[in-house]
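Enquirer: If you're matching them up, the sequences are chains A and B in order.
Note that the numbering used here has the first sequence beginning at 5, numbered continuously upward.
Note that the numbering used here has the second sequence beginning at -18, numbered continuously upward.
Fair warning: there could be bad hints in the mix.
Computed beta-carbon distance windows for the label pairs [stated by the list, open to error]:
#, chain 1, residue 1, chain 2, residue 2, range
1, B, VAL406, A, GLU152, 43 to 53 Å
2, B, ALA383, A, GLU152, 28 to 38 Å
3, B, VAL406, A, SER87, 35 to 45 Å
4, B, VAL406, A, ILE28, 16 to 26 Å
5, A, GLY13, B, VAL406, 22 to 32 Å
6, A, GLY13, B, GLN438, 46 to 56 Å
7, A, GLU152, B, TYR386, 32 to 42 Å
8, A, PRO29, B, PHE432, 40 to 50 Å
9, B, ASP435, A, GLY13, 45 to 55 Å
No wet-lab data here; the hints were simulated from the structure.
Glycine is no exception: its CB is placed at the ideal position from the N, C-alpha and C atoms.
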Amino acid sequence: MLLLLFEIGRERYAMPTTRVREIIPLVKLKKIPKTADYIAGLINFRGQPVPVVDLCVLIDNRPCKARLSTRIIMLEYPREGQSPKLLGMIAENVTETYKSAQAVPTASGILLDQKLNEQGAESGTDEMIQWFDPKKMLPEREIEHLLED
Amino acid sequence: MAKIVSFIKDLSVKWRLIWFVIFLLLLVTAAGWGGLNGMRVANLSLATVYTQEVLPLKELKDLDEIFQLQIVAPVDKVLFEQISWSDCLRLVEQGQKELDVKWQAQFAMAGSGDDTWLLPAKNLTAMVDEAMPRLVSMIQTRDVTTLDAFTDATLYPLATEYAKVVNQLVDNRLQAVKVEFESSQQRYNLSKKFFTITLIVALAISVLASLLLIRSINTPLGKMSLAIKAMMQGDLTHHPSYHRNDEFGLLIKGFNQMTRFLADLVHQVQRSGIQVTSSITEIAATNKQQEVTANEHAATASQIAASSTEIAATAAQLLKNMKTVDSLTRNAVAAAEEGQSGLDSLNSTMTTMEKATGAIVEKLSILSEKAGNIAGVVKTINKVADQTNLLSLNAAIEAEKAGEYGAGFSVVATEIRRLADQTAVATYDIEQMVQDVQSAISAAVMGIDKFAEDASQSVSNVSETSDILAGVIEQVQILRPQVVTLNKGIDAQQVGAQQISEAIGQLKDAAQQTAESLSQTSSSISQLQEAAMGLQEGISRFKVEEQEGEDERDEEDEDRDDAAAAV
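Please take these sequences and the hints and turn them into a complete structure.
Expert: Okay, here's the thing in structure tokens:
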């Protein structure tokens, strides 16, 4: 399956591309007052307002760096008994995809794909990749409240 | 009574002693007068007894004997015809005359006093006077019978009567003597009593007076001796009080004043001692400092002497050098002139170089601008590569969603992304290179600017140097006569330095002498310090009241004295 790779700080993450609608450049955001710090604001995505979450604030306690490689991942967030809704996630270094033979991550959520590791060794970053499950990594109740119709 | 007491109290000791002696003399005089009087009375009484009572006794005895021997005995002898009648008559008449004389004397003696005791004697003499003429006539007639009868009838009873009267009179006299003795005894007893009482009273009074006198002397003396003992131990706070206006009062007042003066003096001395000690300590410290200073002075002087000697030597050296300088200056003028012409040519070269550097800087700034343009182009390429990467990502995601149909497209998307990545890497390299070029250009521009600045500085320096050299030439030409003057001056300096050296040597000697005398002073100061310590130690034996309290007391005492004077 195809995995989308990105970074939060110095850690690398991977998530399946099946739930990714599109990747867009970092555009200017409309701030939502009186919300948590990790909610970066709203964007107009083809005439539709979509809330955007800053993963760096959520995980690394700092906003993502303003770089060309810092992009917004448009995620189709699954909801219980309802149709999924779009959620933007800002992440760093969203430039790579990876074709993996492994469909399900290990129990610890660490991806230990041989080929990926070899690639990592080539690029000089000897690291393991964290599986990114939106349901587990994002605060579920707040996100569902945010996406309510 | 009170007046007397106050009179006694106010008496001076001298007058008290005088009064006491007068009193004792009066007592002795009275006693002596009394004794003399008693003795005179006794003597008088004894004389009376002797003349009036004892002397008559012998006369009376004589009267009896004369009557018996000169009247009765001749008559008897005539009767027994042992003597002649004429002898008898002569003896009888002689006896009668003697008897008359003696009786007259008796009566005359008794005539002054009581003469009742002479009555029987008068009767007897009357009887004898009556009988005697008859006896005389009988003897003259030489009538033996009548005479015998008369003798028996009258003469013998008369003789008996005579003896009886005489005895009676003697008894009477003895009685009178006894009476006189008894009265004398009574008088003696009376005067004895009187004397005893007088003696006791006199003794008591004199003892009392003596005690009072002793006390009035002893009390102030005791106070004085206590005060003096305290004073001997150095306690000057003891002021005995005495309120009589006699010599002791004067003495104690004087003593108090003296101790007060002494205390003041001691206080003064104590304070002065402390001041002296502190002053001496200060002096000693100052002296030490002076000594140190003097030693330093000496050391400095010797240094100066050495320096001046050096100066003299240096001056000599300098003189030698000056001669060299004189010849060198001439050479210097020539060298400077050569240097000036060389500098002129250097100046023109430098100006040319300055212009050339300006052209280089211009070229370099154009180069820097071009490099900036390259950087702009690279940035655009970079943006395009980024967009391409994004596109390829989205394409890959879409291809994955298309499943089997999108597999080919997925490969194309990956290839596009790889190209984009390579482009990004290449642009990154270009960016780096352009940055290097730009920094190299700016470094070059800075270096050339510095060079241009240095060059223009050098040009101005060269012209300045040229000017200076011209000045030098001028100065050196002026210098020559001055060098000659300088030579003379240095010569004089050398002499002066030698003189200074000698003077400094003398100064050094003087400083050393000063240091020595200061150390002597130091030893005498330490002796002085010891003396001051001794003084302080000696004076510390004295106990003195605080000055303020003493003043107050002085005032009080003065007040009291004033009051006493007023009274």
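Enquirer: Does each hint hold? Answer for all of them.
Expert: Here is what the structure says about each hint:
1. Judged by the Cβ atoms, the range 43 to 53 Å given for VAL406(B) and GLU152(A) holds: they are separated by roughly 45 Å.
2. Distance hint check: the CB atoms of ALA383(B) and GLU152(A) are about 32 Å apart, consistent with the given range 28 to 38 Å.
3. At roughly 42 Å, the beta carbons of VAL406(B) and SER87(A) sit within the given window of 35 to 45 Å.
4. About 24 Å separates the C-beta atoms of VAL406(B) and ILE28(A), a value consistent with the hinted range of 16 to 26 Å.
5. Range check, GLY13(A) to VAL406(B): Cβ separation about 24 Å, and the 22 to 32 Å hint holds.
6. Under the hint 46 to 56 Å, the C-beta atoms of GLY13(A) and GLN438(B), about 55 Å apart, fit the expected range.
7. Roughly 36 Å separates the CB atoms of GLU152(A) and TYR386(B), a value that falls within the hinted 32 to 42 Å.
8. Evaluation of the 40 to 50 Å hint for PRO29(A) and PHE432(B) yields a pass: the beta carbon distance comes to about 49 Å.
9. Distance hint check for ASP435(B) and GLY13(A): the Cβ-Cβ separation is about 51 Å, which falls inside the suggested range of 45 to 55 Å.
Of the hints listed earlier, there is not a single one the structure fails to meet.
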